[in-house]
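Colleague: Assemble chains L and S onto chain Y, guided by the hints.
Here is what each chain is made of, one letter per residue.
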Amino acid sequence: MSEKNIYLPYLMRIAKVTDEAPGVRTFRLEFVDEIAAQNFAFQTGQFGLYSAFGEGESTFCIASSPTRKGYIECTFRETGRVTSGLADKEVGDVVGFRGPYGNVFPIDDWKGKDLVFIAGGIALPPMRSVIWNCLDLRENFNDITVVYGARSVADLVYKHELKEWDERPDMKLVTTVDPGGETPDWTGRVGFVPHVVEQLGLKADNAVAVLCGPPIMIKLTLPVLQKIGFPPDRIFTTLENRMKCGLGKCGRCNTGSSYVCKDGPVYTLAQLSELPAEY
Amino acid sequence: MAETYTISNEALDRLFQAMAQDGRRILAPVDADGRIELQLVARPADVAQGYLQTILSAKETVFPKVERLLSYELEPSKVDLKDATPQALPTVLFGIRPCEASAFAALDAVFNWDTRDAFFNARWQNLAVIGMACTQSDAACFCTSVGGAPDSTKGSDILLKPLADASGYQAEVLTDKGRAIQALVPECFLSSEPSPFSPAVVESAFDQPALTAKLPGLFDNELWVDQSLRCIGCGACAFVCPTCVCFDIQEEADAKKGERLRCWDSCGFSMFTLHASGHNPREKQSQRWRQRVYHKFSYYPQRYGMLGCVGCGKCTRACPVDMNLKEHLKDAAEVQA
Amino acid sequence: MADLVSQAKELLDSGAVQVIIGYAAGTNGTRRPHVARSAAQAACLVFDEGCVQNLASYLVKPEVKRFGKAAILARTATARAALQLMAERQIADGSVRILVEAGDSVAVLDSAEALEAHLALQAEGISAKDRELLERLRAMTHAERWAFWQKELARCVKCYACRNSCPMCYCERCTMDCNRPQWVPVPSHAVGNLEYHTVRAMHLAGRCVECGECGRACPVGIPVHLMTFHAEDSVRRQFGSEAGRTAKLDYALSTFKPDDKETFIR
Numbered sequence: 001m002s003e004k005n006i007y008l009p010y011l012m013r014i015a016k017v018t019d020e021a022p023g024v025r026t027f028r029l030e031f032v033d034e035i036a037a038q039n040f041a042f043q044t045g046q047f048g049l050y051s052a053f054g055e056g057e058s059t060f061c062i063a064s065s066p067t068r069k070g071y072i073e074c075t076f077r078e079t080g081r082v083t084s085g086l087a088d089k090e091v092g093d094v095v096g097f098r099g100p101y102g103n104v105f106p107i108d109d110w111k112g113k114d115l116v117f118i119a120g121g122i123a124l125p126p127m128r129s130v131i132w133n134c135l136d137l138r139e140n141f142n143d144i145t146v147v148y149g150a151r152s153v154a155d156l157v158y159k160h161e162l163k164e165w166d167e168r169p170d171m172k173l174v175t176t177v178d179p180g181g182e183t184p185d186w187t188g189r190v191g192f193v194p195h196v197v198e199q200l201g202l203k204a205d206n207a208v209a210v211l212c213g214p215p216i217m218i219k220l221t222l223p224v225l226q227k228i229g230f231p232p233d234r235i236f237t238t239l240e241n242r243m244k245c246g247l248g249k250c251g252r253c254n255t256g257s258s259y260v261c262k263d264g265p266v267y268t269l270a271q272l273s274e275l276p277a278e279y
Numbered sequence: 001m002a003e004t005y006t007i008s009n010e011a012l013d014r015l016f017q018a019m020a021q022d023g024r025r026i027l028a029p030v031d032a033d034g035r036i037e038l039q040l041v042a043r044p045a046d047v048a049q050g051y052l053q054t055i056l057s058a059k060e061t062v063f064p065k066v067e068r069l070l071s072y073e074l075e076p077s078k079v080d081l082k083d084a085t086p087q088a089l090p091t092v093l094f095g096i097r098p099c100e101a102s103a104f105a106a107l108d109a110v111f112n113w114d115t116r117d118a119f120f121n122a123r124w125q126n127l128a129v130i131g132m133a134c135t136q137s138d139a140a141c142f143c144t145s146v147g148g149a150p151d152s153t154k155g156s157d158i159l160l161k162p163l164a165d166a167s168g169y170q171a172e173v174l175t176d177k178g179r180a181i182q183a184l185v186p187e188c189f190l191s192s193e194p195s196p197f198s199p200a201v202v203e204s205a206f207d208q209p210a211l212t213a214k215l216p217g218l219f220d221n222e223l224w225v226d227q228s229l230r231c232i233g234c235g236a237c238a239f240v241c242p243t244c245v246c247f248d249i250q251e252e253a254d255a256k257k258g259e260r261l262r263c264w265d266s267c268g269f270s271m272f273t274l275h276a277s278g279h280n281p282r283e284k285q286s287q288r289w290r291q292r293v294y295h296k297f298s299y300y301p302q303r304y305g306m307l308g309c310v311g312c313g314k315c316t317r318a319c320p321v322d323m324n325l326k327e328h329l330k331d332a333a334e335v336q337a
Numbered sequence: 001m002a003d004l005v006s007q008a009k010e011l012l013d014s015g016a017v018q019v020i021i022g023y024a025a026g027t028n029g030t031r032r033p034h035v036a037r038s039a040a041q042a043a044c045l046v047f048d049e050g051c052v053q054n055l056a057s058y059l060v061k062p063e064v065k066r067f068g069k070a071a072i073l074a075r076t077a078t079a080r081a082a083l084q085l086m087a088e089r090q091i092a093d094g095s096v097r098i099l100v101e102a103g104d105s106v107a108v109l110d111s112a113e114a115l116e117a118h119l120a121l122q123a124e125g126i127s128a129k130d131r132e133l134l135e136r137l138r139a140m141t142h143a144e145r146w147a148f149w150q151k152e153l154a155r156c157v158k159c160y161a162c163r164n165s166c167p168m169c170y171c172e173r174c175t176m177d178c179n180r181p182q183w184v185p186v187p188s189h190a191v192g193n194l195e196y197h198t199v200r201a202m203h204l205a206g207r208c209v210e211c212g213e214c215g216r217a218c219p220v221g222i223p224v225h226l227m228t229f230h231a232e233d234s235v236r237r238q239f240g241s242e243a244g245r246t247a248k249l250d251y252a253l254s255t256f257k258p259d260d261k262e263t264f265i266r
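Protein chains in written order, with my numbering: chain Y, 1 to 279; chain L, 1 to 337; chain S, 1 to 266.
One chain only, chain Y, in its complex shape (with noise of 0.2 Å):
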């Protein structure tokens, strides 16, 4: 075939499993052909589709840094067919990858400016991405502050990395279970992530927010951000939506004028405001 087949992925080899929370397990992928392992670039904020062969594709942001090279890591819950079919794999297995896809979160622009990174349970993955990404060039920002949320502790994703971030002095790590997910040993907050910001003292004019939850969530969080002062267009989230092709083609995404893997996943309030809210 003359032209390349853009549904044909990369096949990738898993290096490492690791069990982040009940149902929630996070791969780190090497790619099997090495020249693919070299040319593979991507930015922060992009997804793929990962396929468990047999079962099928599914998107799921890339969860690592594009700052560290030679792998990349997905992190999903176990809900359905594919997500169930990978869960099944082990260290050594292959699966599949396409991408990277999607628009980018825009770091150039938050040179200069404090961050806040504000997600909760499994909505880290996506953010987890651009807060390394931040990390690996601290320089180039203000004051780093994450807030992350879960129902339980046990419902907490990357743990050791939450360790790590509560270590490191050049961020602020606040992290928060819901009222009865805490256990006797836990020194992190109890409340509901929109009242855990809201108590937060942060400051709106010169920072950004990035902001990703399950719904409830972001509803409640947003007035709190808004109440805060930060303007629409630097406020933003990530979007999940039913995917297939990843390309602009299937029109399983398509919002509006929109569609979610080409103009997204990465949007902010400011641009989310002008969609139906049919995501």
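In short, the hints are calculated from the structure, not lab data. Even glycine gets a Cβ: it sits at the ideal position worked out from N, Cα and C. Hints are not guaranteed to be accurate.
Claimed, not checked - FRET-style restraints, in silico, Cβ to Cβ:
1. Y:Gln226 <-> S:Ala190: 51 to 61 Å
2. L:Asp220 <-> Y:His195: 30 to 40 Å
3. S:Glu195 <-> L:Ala183: 22 to 32 Å
4. S:Gln90 <-> L:Ala276: 24 to 34 Å
5. L:Trp113 <-> Y:Glu182: 41 to 51 Å
6. L:Ala164 <-> S:Asp13: 52 to 62 Å
7. Y:Ser273 <-> S:Ala16: 36 to 46 Å
8. Y:Val91 <-> L:Ala276: 19 to 29 Å
9. Y:Lys159 <-> L:Val335: 50 to 60 Å
10. Y:Ser273 <-> L:Asp33: 48 to 58 Å
11. L:Asp220 <-> Y:Ala37: 44 to 54 Å
12. L:Ala276 <-> S:Lys69: 28 to 38 Å
13. Y:Gly180 <-> L:Ala276: 20 to 30 Å
14. L:Ala183 <-> Y:Ser273: 52 to 62 Å
What the hints assert, rightly or not - One side of the interface only, derived from the structure: several residues of chain L facing chain Y at Cβ under 7 Å:
15. Leu69
16. Trp113
17. Arg116
18. Ala118
19. Cys246
20. Phe247
21. Ala276
22. Arg282
23. Ser286
Modeller: Chains L and S only, in chain Y's frame:
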């Protein structure tokens, strides 16, 4: 630049033979038990007479209902991945209507947006279109409301217009592909002045640019609920439509091998936007009906600078409950915002 | 012809029902389903010989149910389907006003009992044309019948117009939609088409009210109704039961009787 010729019935017969000898298969509307369907034909005599349109569109020639994208063999810790090559046989589409011929541009806009779909391109490059202008229309047709016409040349490589005395056709040779076909039997194409032709009458039903401008303000209007009450949420409209291109990718495999297939899908299906979590951004039929209209008349213009509808009326004729698109669009154009 | 439309409008005006499910004039001289929830929307209701579609599927559609109580203009097929839906507990006995022709006048059936009594007087089964086609199919050898359906089903595009137009296909999550496992392949290749249609015919054996809506709905003219008619006829011959005649669920394929003629089950 188009050149006008006359091609007699006998000459057309010779052209069919020449195209076949040139290794091209010819697809044309055929009467199959009273249904008009696209099938392989050998001679003009095999082509249906006096037909309005085919039921299914010609998009099957470039976007088949099932297409293999890749296949693989599985062993422990090893995947032998195999690319797929589309079977793109040189093909001539004969006798499709101007509305359908113009629809290929809408498919191209999607399949080649940023990334190039090799499956579509291989088939389209090997396809030539000999269109047939319309002498009749029905109540479902509305090409003239969406920038088309019963004798439009858009999308045809050669456009034929039946001569009044039924002795043959006027032929306009429009593109390089058309000229390549003409070059097979140049003597069959007699240079001539354009002959008088009475195209079908298709009254304009609504002001499309005004409707497109009005749609953003109509998003929350109740009319989408009322229009969609009888809709049964099947895929008939999307599947017969020459511009609808939404697709699904399905995995079919056993423990040893598998393949990934692309197949037609419809935004009207209830599961189209359903997340694995159970959340469905378009859980009501009225939202899905609205999406169909907006995708074709609002989002397509914004994204691709063209409409996603050619006014052929196939959706209306195929719909089990007569969702008449022209009527619905007319009502939307007239409703109080 | 009895004036069902006026009667339905009266029920709507009086508030006895909140929605009318009937027919309106369609494209090219046809008739189509029409759902009216106001006097203005009811103005275009018609009822004549062209009104043949089975409307009962609208009785179980959430988008229509949400308006409240319904009146439905019913031919025999619609009435049979409504009764079968009551037997299968999809609509509550007494929750719908079913308007039927009783000679030259209108009868409003608002109970399963009334439906049963009315339907006992309706002789019509399937059309003579379909009867003849069924007999022709029955007379074929297995090989001939297989070849017939392979040829017909090659045209199928898996649009599911047949399934979605059927009042008895009301499952919110159809077997076809299940992907763990994917019982039936989704794409419309030979296996995907054949398996879908045979599964549907089996799911309708003993439940099909023989309205032919599925065959009418098929955009590519496959006589899919003959499959379900054949399955229904087989159940009728072998078990004596028939869909849409009684409010008591009498589903042959899931009812065990101690005197079952199959010895392996005893």
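Colleague: Find the hints from earlier in the document that the structure breaks and name them by number, from lowest to highest.
Modeller: 3 and 23
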